[in-house]
Amino acid sequence: MTEYFKQEQIGDTLVLRLQGRMDAQAVSEMKEEFKNISGKYVLANLADVSFLDSSALGLIVSTLRRIRENDGELALCCLTPRVRTIFELTRLHKVFHIYATEALALAAH
Amino acid sequence: MPEQMHAADIVGSVRIPATLSAVRLLCDVVTDAAMQLCDDAEFSALLEIAAAEAANNIVIHGYCDNPGGWIHLEIKSTPSYVCLILNDGAPYFDPLANSPAEDTPVACTSATDSSMGMGVFIFKDAMDCIRYRMLDKGNQLLMYKLIPNKTVKEVMA
Chain P
4 MTEYFKQEQI GDTLVLRLQG RMDAQAVSEM KEEFKNISGK YVLANLADVS
54 FLDSSALGLI VSTLRRIREN DGELALCCLT PRVRTIFELT RLHKVFHIYA
104 TEALALAAH
Chain H
39 MPEQMHAADI VGSVRIPATL SAVRLLCDVV TDAAMQLCDD AEFSALLEIA
89 AAEAANNIVI HGYCDNPGGW IHLEIKSTPS YVCLILNDGA PYFDPLANSP
139 AEDTPVACTS ATDSSMGMGV FIFKDAMDCI RYRMLDKGNQ LLMYKLIPNK
189 TVKEVMA
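Protein sequence lines correspond, in order, to chains P and H. Just so we're aligned, residue 4 is where the first sequence starts under the numbering used here, counting upward by one. Just so we're aligned, residue 39 is where the second sequence starts under the numbering used here, counting upward by one.
A few of these clues could be false.
[As the list claims (entries may be wrong)] Computed beta-carbon distance windows for the label pairs:
no.	chain 1	residue 1	chain 2	residue 2	range
1	H	P105	P	A106	18 to 26 Å
2	P	H96	H	D77	18 to 26 Å
3	P	E36	H	P186	32 to 40 Å
4	H	D70	P	P84	23 to 31 Å
Keep in mind the hints are simulated off the structure, nothing from the lab. Don't be surprised by glycine CBs; every beta carbon is placed ideally from N, CA and C.
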């Protein structure tokens, strides 16, 4: 397991708690491990993510596509204002279900 | 904006090796400068992402991940706007030449991972004006952004 995310199964939801700076360097270190993430319902908690770049966005989008291809869903929660700015800049906030808190996201499923 | 750079102050500079891991150092300088200029989280985030994407492009597409390269960042500001100036010694490489249209949503580009389309889209959208120049040996990218609460009218006055 890399230092960039931790996993916890809560009911039928796989919660990924991402942390730190998610940039091209980080993605190069975690990409292979991220490919193993699967599940019907996956929730990525971004509360502890300080920065995201296009590499990280690409990794998250490709994971979303892979999960949706298997009739699953990848949702996001707890975006900090800085991270939300990047999602809005790239219009990706329209692509994902985004929740204010982890509890709300789990309740919505 | 570009014509008024002579009156600008230097608010930060750094020279880094052209590696993905060193781009973090460059981003630290940008966020420090952003905080000096304006207490606005969105402004700071947009400057940082623009700097990161532009520098990543230089590493990956300019130097093609070859070792030995360098990137020099200088940050200049006036009361109205800030300019990030990125110089490098890579072969001539204009990141704006094949960039996606400005209204293309990132989700619709062919970008995955760190492909150039998404990165260029991001730094073009994050900043207000981007210029590319060929240098005698290398490239220069100038990225301008208005400081929040300033208008174009104020800048041009």
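Hint check results:
Checked against the hint of 18 to 26 Å, the C-beta distance between P105 of chain H and A106 of chain P comes to roughly 47 Å, which is inconsistent with it. Separated by about 24 Å at the C-beta atoms, H96 of chain P and D77 of chain H satisfy the suggested range of 18 to 26 Å. A hinted range of 32 to 40 Å for the beta carbons of E36 of chain P and P186 of chain H is consistent with their spacing of about 39 Å. Separated by about 18 Å at the C-beta atoms, D70 of chain H and P84 of chain P break the suggested range of 23 to 31 Å.
Hints 1 and 4, counting from the list given before, are not met by this structure.
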